[in-house]
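Following the hints, put chain B in place on chain A, whose structure we already have.
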Amino acid sequence: MLKHRKLGRGVALVGAGITKFGVYPREVRATDLFAESFLDMKKSVNKGLDDRDIEALYLGNYSSDLFEGEVHTAASVISRLGLAPRPAARIEDACASSGVAFREAVIAIASGVCDVVLAGGMEKMTNLTTSEVTRTLGLALDPVCEAPSGETFPGIFATIATAHMAKYGTTPEDLMRVAIKNHRNAALNPKAHFTVSIADIMKRKVASLAAKGVPPPSWKDEFDFLRDDSQNPVIAYPLRLFDCSTVCDGASCVLLAAEDIARNFTDEPLYVTGTGQASDDPVQERSEIASLRAVKEAAAQAYDMANIKATDVDIAEVHDCFTIAEIMAMENLGFYEPGRAVYALRDGETEIDGILPINTSGGLKAKGHPVGATGTAMVMELFKQMLGDAGARQVKYKDLAHGLMLNIGAHGTTAVVNILEKR
Amino acid sequence: MRVMAEVNEFNKVAGNKLYGAAFRQALKNGKLTVSRCLKCGALFLPPRPICPECHKCDMTITTVKGQGKLVAFTVITAAPPLMLEEGYGRDNPYCCGIVLLDEGVKVTARILGVDVRQPEKIKIGTPVTLEFQEIVRNGEKKTHLAFRVTNSPYAVQ
Numbered sequence: 001m002l003k004h005r006k007l008g009r010g011v012a013l014v015g016a017g018i019t020k021f022g023v024y025p026r027e028v029r030a031t032d033l034f035a036e037s038f039l040d041m042k043k044s045v046n047k048g049l050d051d052r053d054i055e056a057l058y059l060g061n062y063s064s065d066l067f068e069g070e071v072h073t074a075a076s077v078i079s080r081l082g083l084a085p086r087p088a089a090r091i092e093d094a095c096a097s098s099g100v101a102f103r104e105a106v107i108a109i110a111s112g113v114c115d116v117v118l119a120g121g122m123e124k125m126t127n128l129t130t131s132e133v134t135r136t137l138g139l140a141l142d143p144v145c146e147a148p149s150g151e152t153f154p155g156i157f158a159t160i161a162t163a164h165m166a167k168y169g170t171t172p173e174d175l176m177r178v179a180i181k182n183h184r185n186a187a188l189n190p191k192a193h194f195t196v197s198i199a200d201i202m203k204r205k206v207a208s209l210a211a212k213g214v215p216p217p218s219w220k221d222e223f224d225f226l227r228d229d230s231q232n233p234v235i236a237y238p239l240r241l242f243d244c245s246t247v248c249d250g251a252s253c254v255l256l257a258a259e260d261i262a263r264n265f266t267d268e269p270l271y272v273t274g275t276g277q278a279s280d281d282p283v284q285e286r287s288e289i290a291s292l293r294a295v296k297e298a299a300a301q302a303y304d305m306a307n308i309k310a311t312d313v314d315i316a317e318v319h320d321c322f323t324i325a326e327i328m329a330m331e332n333l334g335f336y337e338p339g340r341a342v343y344a345l346r347d348g349e350t351e352i353d354g355i356l357p358i359n360t361s362g363g364l365k366a367k368g369h370p371v372g373a374t375g376t377a378m379v380m381e382l383f384k385q386m387l388g389d390a391g392a393r394q395v396k397y398k399d400l401a402h403g404l405m406l407n408i409g410a411h412g413t414t415a416v417v418n419i420l421e422k423r
Numbered sequence: 424m425r426v427m428a429e430v431n432e433f434n435k436v437a438g439n440k441l442y443g444a445a446f447r448q449a450l451k452n453g454k455l456t457v458s459r460c461l462k463c464g465a466l467f468l469p470p471r472p473i474c475p476e477c478h479k480c481d482m483t484i485t486t487v488k489g490q491g492k493l494v495a496f497t498v499i500t501a502a503p504p505l506m507l508e509e510g511y512g513r514d515n516p517y518c519c520g521i522v523l524l525d526e527g528v529k530v531t532a533r534i535l536g537v538d539v540r541q542p543e544k545i546k547i548g549t550p551v552t553l554e555f556q557e558i559v560r561n562g563e564k565k566t567h568l569a570f571r572v573t574n575s576p577y578a579v580q
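Which chain is which? The protein sequence lines are A and B, in order. Here the working numbering is used: the first residue of the first sequence is 1, the next is one more, and so on. Here the working numbering is used: the first residue of the second sequence is 424, the next is one more, and so on.
Next comes chain A alone, as it looks inside the complex (with noise of 0.2 Å):
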């Protein structure tokens, strides 16, 4: 089934913007958001960027359509940059929107169409409510069988839970283990929605409850915490509020160049060596439920193109939209066998310090997840750690050599994987 593919010429990353993650005035439009990334990737540009040298945009918007009632958005998005009459397209596949445009920016100039394009995306979602945002979001589940029963999107992911749970043992403290690791990067990450640990959350609470002479409650720890309902809700059941990501607004930029041209722009070139994509059916007509075949598929196309085994991947940012899609991704990735993920978060293989970083942004879970924005932020951090410029949050023990980031749309209906390699 997989060919093996090339890349028709090298592609390198030579630039990345973030907006900070979190909600914004009403007034705030999605397209000035991706102007504010735009103009941080522009810094990152070590030699500097002429802008007149872009000559293309991808741009990932899930929903600008239902969020802001606005579409045409990429149109809209490169008369804002001031960088029409360029070419612009808009690429909706869900949650993976803007891993898909970083995939589709990479084969523009693999191809010899372009030698410079810009790749990003972008959501505004906190002007709707929250049983509106469920709804919008719920549009990407399948609408035949899956939306009229109630499904929402922490709804399928929960369901994708309970049979992961039953075949191999998986429990909700594994599930927490995600969120209290994810939460704890973000806390280093000034861009994140939440730059916060459970642990302080914890302890602000009991501050807050003790300042109204409540007793304070008797939470040994984090577990117990997360374990509180009063605290830390059902959302859909095994799933609670700190399961889920977070509902917020952003954008994310990146500047793709031809690798013959790329020390016009900076010294130390990133190199995208893999990319892969895959789509699947609905869950109820997978032979598998625990495990995600679009996954497998994206990661085996990348893997190959890249020349390259799971076990070279030296940092990875993954789709964490529910903390049990993080456990999933380490599996269909091939990082760990099925079921043996839980254990290395049991042994915090995937913290900053532990061998196989991931989401050392702080993941959806806790960076936030303005869908559309969530590929190219993946491709931002990757880019922050493999240049050493992650500041508080650095991996520093080991050389980053190959990254590889994983973007997933809905319930694993599309799959994208982009592999990063520094020479």
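Rather than coming from a laboratory, the hints here were simulated on the basis of the structure. Careful: at least some of the hints might be erroneous.
To be verified - A few chain A positions that, by computed beta-carbon distances, are all more than 10 Å from chain B:
{"#": "1", "residue": "52"}
{"#": "2", "residue": "69"}
{"#": "3", "residue": "174"}
{"#": "4", "residue": "197"}
{"#": "5", "residue": "218"}
{"#": "6", "residue": "310"}
{"#": "7", "residue": "423"}
Claimed, not checked - Stretch-level coverage of chain B by chain A, calculated; a stretch enters the list once three of its residues show a Cβ under 8 Å from a Cβ in chain A:
{"#": "8", "segment": "458–469"}
{"#": "9", "segment": "487–496"}
{"#": "10", "segment": "499–505"}
{"#": "11", "segment": "518–524"}
{"#": "12", "segment": "531–538"}
Said to hold, decoys possible - Sample of chain B residues facing chain A (criterion: CB under 8 Å; computed from the structure):
{"#": "13", "residue": "443"}
{"#": "14", "residue": "446"}
{"#": "15", "residue": "511"}
{"#": "16", "residue": "542"}
{"#": "17", "residue": "567"}
Even for Gly, the Cβ is constructed at its ideal location relative to N, Cα and C.
Positioned in the frame of chain A, the structure of chain B alone reads:
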């Protein structure tokens, strides 16, 4: 004459039992349809016009007995507008899940007859039986695909 011919073309598409419209119409009439590939024998729910196994277009419609077992589920408290309108939500959670039918195909549906207050007691592998849940709201009747847990110690009537 030309107009009649066009209407017939449209009705042919709407009536094609391998397409979504006919599947939904059948559900309204209390029938769960699947398609079987006449070339390779594979079953599909919902019906498909093209077989993803052998890529032939030789499909026939068949029905299922409606017996199966629960293979994955959730109990949802943060409900979308569709379910809020039916009275579900934080104080009235609901169960949905994936059922493996005896015929070997799976389907996502509402799960009835379980104690949604104690989701940890809902067991994967529990036998379930097809049931069509009729919801009448503002004078409009809607039929939803559901399965009921019947012969389990945790079944709730």
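* **Whether chain A covers the segment 487–496 of chain B (at least 3 residues having a Cβ closer than 8 Å to its Cβ atoms)** => holds (count 3)
* Please settle this one: residue 423 of chain A was flagged as non-interface, so is its CB more than 10 Å from every CB on chain B? => holds, 41 Å
* Asked: Quick check: the segment 531–538 of chain B, covered by chain A? Criterion 3+ residues, Cβ under 8 Å.
  -> holds (count 3)
* Would the least Cβ to Cβ distance between residue 174 of chain A and chain B come out above 10 Å? -> holds, 15 Å
* Asked: Should the label of residue 52 of chain A as a non-interface residue stand, given a Cβ cut-off of 10 Å to chain B?
  -> holds, 46 Å
* Do three or more residues of the segment 499–505 of chain B come closer than 8 Å to chain A, measuring C-beta to C-beta? -> holds (count 7)
* **No chain B beta carbon within 10 Å of residue 69 of chain A's** => holds, 18 Å
* Asked: Do three or more residues from the segment 518–524 of chain B put their C-beta atoms closer than 8 Å to C-beta atoms of chain A?
  -> With 3 residues in contact (Cβ-Cβ under 8 Å with chain A), the coverage given for the segment 518–524 of chain B holds.
* chain A contact restraint on residue 567 of chain B - CB to CB distance below 8 Å -> holds, 6 Å
* **When the least beta-carbon distance from residue 511 of chain B to chain A is tested against 8 Å, hint result** => Status holds, d = 7 Å.
* Taking the minimum C-beta separation from residue 197 of chain A to chain B, is that value above 10 Å? -> With a cut-off of 10 Å, residue 197 of chain A remains clear of chain B, as the shortest Cβ separation is near 24 Å.
* Asked: the segment 458–469 of chain B covered by chain A? Criterion: 3 or more residues, Cβ-Cβ distance below 8 Å.
  -> Satisfied; 3 residues make the cut.
Of the numbered hints given earlier, the model fails none.
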